[in-house]
Amino acid sequence: MSGEILKTISRAITALVSECRMHFLTKGIHSRAVDPSNVAMVIVDVPKESLESYRLEAEKTIGLDMNRIFEISKSLSARDLVELSLIDETSLRIKSGSLDYSLALIDPSAIRKEPKIPELNLPAKIVLDAGEFKKAISATEKVSEHIILKSDKNSFTIEAKGDVERMAFTMTSAELREFNGGEARSMFSLDYLKEFCKVAGAGDQLTIYLGTNYPGRFCFELVDGKVRVEFILAPRVES
Amino acid sequence: MSGEILKTISRAITALVSECRMHFLTKGIHSRAVDPSNVAMVIVDVPKESLESYRLEAEKTIGLDMNRIFEISKSLSARDLVELSLIDETSLRIKSGSLDYSLALIDPSAIRKEPKIPELNLPAKIVLDAGEFKKAISATEKVSEHIILKSDKNSFTIEAKGDVERMAFTMTSAELREFNGGEARSMFSLDYLKEFCKVAGAGDQLTIYLGTNYPGRFCFELVDGKVRVEFILAPRVES
Amino acid sequence: MSGEILKTISRAITALVSECRMHFLTKGIHSRAVDPSNVAMVIVDVPKESLESYRLEAEKTIGLDMNRIFEISKSLSARDLVELSLIDETSLRIKSGSLDYSLALIDPSAIRKEPKIPELNLPAKIVLDAGEFKKAISATEKVSEHIILKSDKNSFTIEAKGDVERMAFTMTSAELREFNGGEARSMFSLDYLKEFCKVAGAGDQLTIYLGTNYPGRFCFELVDGKVRVEFILAPRVES
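From first to last, the protein sequence lines stand for chains E, A and D.
Read left to right, the first sequence gives residues 11 to 249 (the working numbering).
Read left to right, the second sequence gives residues 11 to 249 (the working numbering).
Read left to right, the third sequence gives residues 11 to 249 (the working numbering).
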C-alpha cells in the first residue's frame with residue numbers, strides 16, 4: 011500500500027483508541043473500535059482493490075498498537091510504497107525503501123471487544139467537501155465546546171452559541187455536493203469532531219447522516235477514495 | 011470590507027486593549043485607545059473609500075470586544091468579502107460566505123474613556139518599508155529589551171546595547187523611502203514595538219516621527235493603503 | 011563570508027559548547043571543542059578559499075560566546091555577505107548590509123582547554139547524503155534513545171531496538187555514495203547524533219568512519235563544500 015494509506019488508517023484509529031484489532035479479510039482490511047468513554051466509534055475499510063498487492067493464506071485477525079504504527083507512518087512519504095507482512099504470527103513487519111520495521115503483535119483477546127455497528131435510521135444526508143467542514147469546525151471552537159448540526163428542506167447549518175456570540179455556517183443545496191433536505195437537529199462535542207477531521211483535507215469527500223437528538227454518522231472518502239473511514243458519534247443533550 | 015481589513019483593524023487594537031469604542035462616522039470608521047499602563051496609544055482609521063460599501067443612518071458609536079473580532083477574522087481569507095451590520099442596537103453581525111456571526115455589543119460608557127490625540131512637534135521624519143523595521147526590531151530583541159532610535163542629518167539608526175554586545179542598523183537617506191535628516195534620539199520598549207509591527211508585513215509603508223526623549227509616532231499604511239494605523243509610544247528614560 | 015557560513019559554524023559549535031576558541035590561521039578559520047561530559051568533539055574548518063576575502067596581520071586566537079553569534083546569524087539571509095573584523099583586540103565586529111554588531115571577546119585562557127584530535131584507526135568508511143542519515147535518525151528516535159551503526163561487506167545499517175519493536179535502515183553499496191565494506195559495529199546516543207545532524211540538510215555530504223565499540227567520526231561537507239564540520243562521538247557499551 012502507499013505510505014499515505016498506512017498513515018490514514020492509523021490516524022483514524024488513534025483518533026479514538028491506541029490498541030485495536032485489525033482484520034485481514036478476503037475483501038480487504040477492516041478495523042473498528044469504540045473510544046474508552048463509549049461516545050464514538052470508528053470503522054475503517056480498505057478494499058483489496060486499493061492495495062498494490064494483497065496476498066492471504068487465510069483470513070486473519072491481529073492486535074496492534076496503532077500509536078506506534080502512526081508514529082512510523084509519519085516518517086514515510088505519501089507516495090512511498092509500503093509492504094506489510096506477518097512474521098511467525100508474532101510481529102508485523104513494515105518495509106519501505108531502506109526501512110525495515112517490526113512490531114510485536116498484541117493478543118487480540120487482550121484488546122477491548124469490538125463494537126457492533128448500530129443500525130441507524132437517519133433522515134438527513136449531507137455530502138460536502140471535508141475541508142469546508144473542517145474549516146467551519148475550527149472556527150466554531152472559538153465560540154463553544156459543542157455545536158448543533160441541523161438540516162431542513164432548505165439548508166444544512168453548523169451552529170455554535172456562546173454567552174455573547176453566535177456563529178452559524180449555512181449551506182444551501184447548491185453549495186453542497188449532495189443534500190436530501192431531511193429534517194434533523196443534533197448537538198455534538200467539538201473535541202470529537204475536531205479529532206475526526208484530522209484524517210481529512212480539502213478535496214476529500216465527507217458524507218454526514220443526521221437525525222434529531224440521535225447519533226450522527228461522519229463518513230470520509232480518503233486517499234482518492236481508496237480508504238473509507240466512518241465515525242459514529244453520540245449526540246449531546248441540549249440544555 | 012475585505013477580510014484583511016477586519017483582521018488588520020482588530021489586530022491593531024488588540025495590540026493594546028481588548029475592549030474599545032468604534033465610531034462609524036460619515037468619513038469612515040475610526041477607533042482609538044490607550045493601553046492599561048498609559049504607555050502607548052493606537053489610532054485606527056478606515057476611510058469610507060476603502061470599503062466596498064458603507065451605509066449609515068446616522069453616525070454611531072459602539073463598544074466591542076476586539077479580541078473576539080480578531081479571533082473570528084483569523085478564520086476569514088484575506089480576500090473574502092465581509093459584511094458588518096448592527097442588529098437592534100444590541101449586536102454586531104458579521105457575514106461572509108456561508109458564515110453568519112453575531113456578537114453582543116458592550117455599552118460604550120463601560121469602556122475606558124478614549125484618549126485625546128496629543129499634539130506632538132517632532133523634528134525627524136523617517137519613511138521606510140515596515141518589513142525592514144520589523145526585521146531589525148526582531149534582531150535587536152536578542153540584545154536588549156529596549157532600543158534607541160536616532161536620527162541626524164546623515165542617517166537613521168536603530169540601536170540596542172547589551173552587557174557584552176551592541177547592535178545597530180543604520181540606514182542613510184538613499185536606503186530610506188523618505189528622510190528629512192532631523193535631529194532626534196529617544197529610547198523605546200521593544201515589547202511595544204514588536205507588538206506594533208505585527209500589524210504590518212514587507213511592502214507596507216511605515217512613517218516614524220521622532221524627537222529627543224519624546225514620544226514617537228509610528229504610522230503604518232496597511233492593506234494597500236486602505237487602513238491607517240498609528241501608534242504613539244512614550245519614551246523610556248536612558249539611564 | 012556568506013551569512014550561511016557564519017550560521018553553519020556557530021550552529022556546529024553550539025551543538026556541544028557555548029564558548030569556544032576560534033583560530034584565524036593563514037590557511038583559514040579553525041575551531042574545536044569537547045562537550046562538558048567529554049562524550050563528543052566538534053572540529054570546524056573554513057579554508058580561506060571559502061571566504062570572499064581574508065586578511066590577517068598575524069595568526070590570531072580569540073574567545074567567543076558562540077550562542078550569541080548563532081543568534082545573530084539567524085537574522086542574516088543565507089546569501090547576505092558578512093564582514094567579521096576585530097576591534098582593539100577586545101571585540102568582534104560583524105557587519106552585513108545595514109547591520110553593525112559587536113561582541114566583547116572572552117579571554118581564551120578562560121575557556122576550557124581545547125582537546126587533542128585523537129588518531130583513530132577505523133575500518134569502515136561510509137559516504138552518504140546527510141539528509142538521508144538525518145531522516146533515519148529522526149525515525150529511530152521513536153523506538154529507542156540509542157542506535158547501532160554497523161557495516162559489513164554488503165551494507166551499512168542503522169538499527170534501533172525497543173521493547174516491542176525493531177527498526178533498521180539498510181543501505182547497500184549501490185545506495186551509498188561511497189562504501190568500503192569494512193567490518194564495524196558501535197552503539198551511539200541518539201541525542202548527540204540528532205544534534206550533529208542539525209548542521210546539515212538534504213544534498214550535504216556526510217562521511218562516517220566506524221569501528222567496533224569505538225568512537226565514530228561524522229564528517230559533514232557543508233555550504234557547497236565550503237565548510238567542513240567533523241564530530242567525533244564516543245560509543246555506548248551494548249548491554
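It should be emphasised that the hints constitute simulated quantities derived from the structure, not laboratory data.
Here the structure is a predicted model, which is why all the values come from computation and not from measurement.
Any given hint could turn out to be false.
Identical chains blur together in the list; that is why a pair holds if it fits in one copy or across any two.
Quick list of in silico lysine-lysine cross-link-like pairs, PhoX-like style, CA-CA up to 20 Å [to be verified]: (1) LYS105 with LYS145; (2) LYS123 with LYS171; (3) LYS152 with LYS123; (4) LYS58 with LYS37.
Evaluation of the provided hints:
no.	hint	in the structure
1	LYS105 with LYS145	between (35 Å within a copy, 16 Å between copies)
2	LYS123 with LYS171	neither (37 Å within a copy, 30 Å between copies)
3	LYS152 with LYS123	neither (36 Å within a copy, 28 Å between copies)
4	LYS58 with LYS37	within (6 Å within a copy, 64 Å between copies)
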